[in-house]
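Asker: Taking the hints into account, I'd like the entire structure generated from these sequences.
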Amino acid sequence: MSASSSPKTPEEVRQRAAVADNRRRRKARSAPRQWRRRGLMAAYIVFVLLPVYWLLNMSFQSNNEILGGLTLWPENFTVEHYAKILTNSSWYMGYINSITYVLMNMLISIVVALPAAYAFSRYQFIGDKHLFFWLLTNLMAPPAVFLLPYFQLYYTVGLFDTHVAVALAHCLFNIPLAVWILEGFMSGVPKEIDETAFIDGYSFPRFFVKIFIPMISSGIGVTLFFLFMFSWVELLLASTLTSTGAQPIASVMTQTKGASGIDWGTLAAAGTLTILPGIVVVYFVRNHIAKGFALGRT
Amino acid sequence: MNKVYNNRAWWLILPMLLLVAFSAVIPLMTVVNYSVQDVFDANTRFFTGTEWFKEMLNDPALQAAVLRQFAFSLTILAIEVPLGIGIALIMPKKGWQASAALILVTMPLLIPWNVVGSIWQIFTRGDIGLMGWSLRELGYGYNITSNPVDAWATIILMDVWHWTSLIALLCYSGLRSIPDAYYQAARIDRASKWAVFRYIQLPKLTNVLVIGVLLRFMHSFMIYAEPFVLTGGGPGSSTTFLSQSLTTMAIGQQDLGPSAAFSLIYFLIILLVTWVFYTAIMNMQKDNNKGA
Numbered sequence: 003m004s005a006s007s008s009p010k011t012p013e014e015v016r017q018r019a020a021v022a023d024n025r026r027r028r029k030a031r032s033a034p035r036q037w038r039r040r041g042l043m044a045a046y047i048v049f050v051l052l053p054v055y056w057l058l059n060m061s062f063q064s065n066n067e068i069l070g071g072l073t074l075w076p077e078n079f080t081v082e083h084y085a086k087i088l089t090n091s092s093w094y095m096g097y098i099n100s101i102t103y104v105l106m107n108m109l110i111s112i113v114v115a116l117p118a119a120y121a122f123s124r125y126q127f128i129g130d131k132h133l134f135f136w137l138l139t140n141l142m143a144p145p146a147v148f149l150l151p152y153f154q155l156y157y158t159v160g161l162f163d164t165h166v167a168v169a170l171a172h173c174l175f176n177i178p179l180a181v182w183i184l185e186g187f188m189s190g191v192p193k194e195i196d197e198t199a200f201i202d203g204y205s206f207p208r209f210f211v212k213i214f215i216p217m218i219s220s221g222i223g224v225t226l227f228f229l230f231m232f233s234w235v236e237l238l239l240a241s242t243l244t245s246t247g248a249q250p251i252a253s254v255m256t257q258t259k260g261a262s263g264i265d266w267g268t269l270a271a272a273g274t275l276t277i278l279p280g281i282v283v284v285y286f287v288r289n290h291i292a293k294g295f296a297l298g299r300t
Numbered sequence: 228m229n230k231v232y233n234n235r236a237w238w239l240i241l242p243m244l245l246l247v248a249f250s251a252v253i254p255l256m257t258v259v260n261y262s263v264q265d266v267f268d269a270n271t272r273f274f275t276g277t278e279w280f281k282e283m284l285n286d287p288a289l290q291a292a293v294l295r296q297f298a299f300s301l302t303i304l305a306i307e308v309p310l311g312i313g314i315a316l317i318m319p320k321k322g323w324q325a326s327a328a329l330i331l332v333t334m335p336l337l338i339p340w341n342v343v344g345s346i347w348q349i350f351t352r353g354d355i356g357l358m359g360w361s362l363r364e365l366g367y368g369y370n371i372t373s374n375p376v377d378a379w380a381t382i383i384l385m386d387v388w389h390w391t392s393l394i395a396l397l398c399y400s401g402l403r404s405i406p407d408a409y410y411q412a413a414r415i416d417r418a419s420k421w422a423v424f425r426y427i428q429l430p431k432l433t434n435v436l437v438i439g440v441l442l443r444f445m446h447s448f449m450i451y452a453e454p455f456v457l458t459g460g461g462p463g464s465s466t467t468f469l470s471q472s473l474t475t476m477a478i479g480q481q482d483l484g485p486s487a488a489f490s491l492i493y494f495l496i497i498l499l500v501t502w503v504f505y506t507a508i509m510n511m512q513k514d515n516n517k518g519a
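Sequence order for the protein chains is A and B.
No gaps in the numbering here: position 216 of the first sequence is 218 in my numbering, and each next residue is one more.
No gaps in the numbering here: position 81 of the second sequence is 308 in my numbering, and each next residue is one more.
By construction, these hints were calculated from the structure, which means they are not laboratory data.
Computed from a predicted structure; not experimentally measured.
Incorrect hints may appear among the rest.
Claimed, not checked - Mimicking DSSO-like on lysine-lysine, the simulated pairs with C-alpha atoms at most 30 Å apart in a straight line are: (1) 193/A <-> 431/B; (2) 193/A <-> 212/A; (3) 230/B <-> 131/A; (4) 321/B <-> 193/A; (5) 420/B <-> 431/B; (6) 321/B <-> 431/B; (7) 230/B <-> 212/A; (8) 420/B <-> 131/A; (9) 431/B <-> 320/B; (10) 193/A <-> 86/A; (11) 431/B <-> 230/B.
Answerer: Right, dumping it as structure tokens:
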């Protein structure tokens with residue numbers, strides 16, 4: 003029965019009327035509730051945005067205006083701080099360095115995590131549970147603990163101050179994370195698919211690349227999002243393992259502390275620019291977040 | 228799922244194992260090595276056994292840091308978990324509002340941690356920060372560099388700002404996986420809003436909440452950059468958490484032995500708590516499998 007067709011029996015007429023009535027009543031009752039809901043949500047969003055707005059506000063003010071008094075919006079709008087960052091190679095190289103090691107880390111992590119996660123989700127083997135727990139413990143390892151040994155290790159093998167050093171160091175927590183997330187998604191794929199493919203004569207590598215990976219592509223998307231997130235925001239290891247050649251933007255930002263105090267405007271502009279890549283990434287994965295954020299474990 | 232017993236699966240794990248071992252096992256062995264020795268320079272070192280561990284465990288400054296750390300982690304969990312569930316429940320579910328809300332809510336998670344510190348440093352300064360300035364205009368002598376209560380409140384507010392989104396997004400995606408039929412059944416039964424939450428939504432959220440609490444506990448226990456930038460650990464040492472104590476000791480003072488011993492104790496505490504969580508998750512999954 004479609005909604006557009008006209009009712010044929012008296013009973014149907016009564017039924018329709020009851021449904022419409024019910025709907026109207028529910029709407030009237032829930033309208034204030036709807037508005038309260040929206041109000042609370044708006045309040046939270048304002049809470050999230052306010053500090054970021056303040057950063058943005060400062061990045062468009064000259065240092066004199068910032069220190070001269072509190073202004074709620076930039077009265078003398080200036081882009082001098084952004085110009086300074088985008089024309090000075092010691093500044094913009096910081097962004098390039100950060101993005102370089104983040105991308106390297108994402109690539110390394112996902113390539114080694116995919117087969118490992120498959121093994122954990124499909125097979126039992128000697129020591130599997132202990133190995134999985136050991137992996138998770140690396141996720142918990144405080145970077146501060148590894149600071150000194152990392153410095154010495156990478157210095158010894160000649161990787162100090164390279165992008166590879168930071169990318170490898172971030173593997174400490176990113177590979178376990180990737181294995182953990184992917185394992186959840188892979189366990190959601192029925193095993194019959196694997197068996198059918200093998201019966202059809204697929205070799206393991208071909209099955210994995212042609213059939214399995216496309217099936218968990220949204221899981222891979224979510225995993226990459228998390229890998230990006232944790233590598234991009236980490237500072238302690240990244241700044242310890244680099245000096246000038248591969249310095250991440252986060253440690254370039256400490257330059258703003260000069261002899262004459264902190265250069266607030268430039269600090270704010272640099273901070274604003276670090277937020278942008280994150281927003282771009284979220285925009286691309288926004289449709290997967292809703293489902294995928296539960297890491298395949300609902 | 229019934230898993231096949233096959234030890235050849237080790238081959239699939241091997242590359243991952245080598246990489247993680249390189250970045251975890253070798254450094255950890257170095258730490259263990261330092262923790263039982265007194266290192267003067269490259270060639271002079273003495274075996275000290277458990278001396279450093281005893282010293283660290285009896286150090287009042289570190290005991291205080293451990294207590295502060297637990298107080299901090301438990302406080303932010305107590306605030307962020309209920310708040311995150313609440314946000315997840317009121318987030319719009321479709322249309323452009325849903326996309327916009329998702330992007331805005333996710334944003335704090337993707338800001339580098341030291342930038343989060345800088346944002347809040349700028350925001351809370353009494354002279355140029357909106358929050359600091361407003362509070363002073365309202366007549367409250369807000370000052371995070373001299374008043375420990377203000378410093379604590381600000382750090383907790385900052386962490387709530389930074390990380391509530393994680394819990395909210397996890398719960399949001401947990402809620403999205405509940406079939407409509409459940410809600411329809413509840414409507415037929417005339418279930419109250421509370422009953423719907425208690426008996427339909429919350430049980431579905433347990434799994435994601437365990438993940439959320441686990442991640443939040445771990446990260447709050449390692450918190451370093453945000454308070455370091457915002458308060459520098461002060462006033463005094465009232466906001467000096469474990470990571471910062473450790474970094475000061477290892478890099479600042481170059482006390483290799485004691486800081487290595489401290490590292491291991493620190494790691495063991497996290498490990499112990501994690502083990503409890505992990506066992507809980509595993510048992511829960513077992514129960515779920517039994518139920519299904």
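Asker: All hints, please: hold or fail.
Answerer: Right, here's what the structure says about each hint:
Between residue 193/A and residue 431/B the alpha-carbon distance is near 24 Å, which keeps this suggested pair within the 30 Å criterion. As the CA atoms of residue 193/A and residue 212/A are separated by approximately 16 Å, the hinted pair is consistent with the 30 Å bound. Simply put, residue 230/B and residue 131/A have alpha-carbon atoms about 13 Å apart, close enough for the 30 Å limit, and the pair holds. Annotation: proposed proximity of residue 321/B to residue 193/A is violated, straight-line Cα distance about 33 Å (limit 30 Å).
In summary, the hint linking residue 420/B to residue 431/B is supported, as the alpha carbons are separated by about 16 Å, within the 30 Å threshold. A distance of roughly 20 Å separates the Cα atoms of residue 321/B and residue 431/B; the hinted pair therefore holds under the 30 Å criterion. Under the criterion of a C-alpha separation no larger than 30 Å, the hint pairing residue 230/B with residue 212/A is consistent with the structure, at around 22 Å. Annotation: proposed proximity of residue 420/B to residue 131/A is violated, straight-line Cα distance about 40 Å (limit 30 Å).
Between the alpha carbons of residue 431/B and residue 320/B the distance comes to roughly 17 Å, so the proposed pair stays at or under 30 Å and holds. Our distance criterion of 30 Å between C-alpha atoms is broken by residue 193/A and residue 86/A, whose separation comes to about 56 Å. A C-alpha spacing of about 25 Å is found between residue 431/B and residue 230/B, which places the hinted pair at or below 30 Å, so the restraint holds.
In summary, the numbered hints that this structure violates are 4, 8 and 10.
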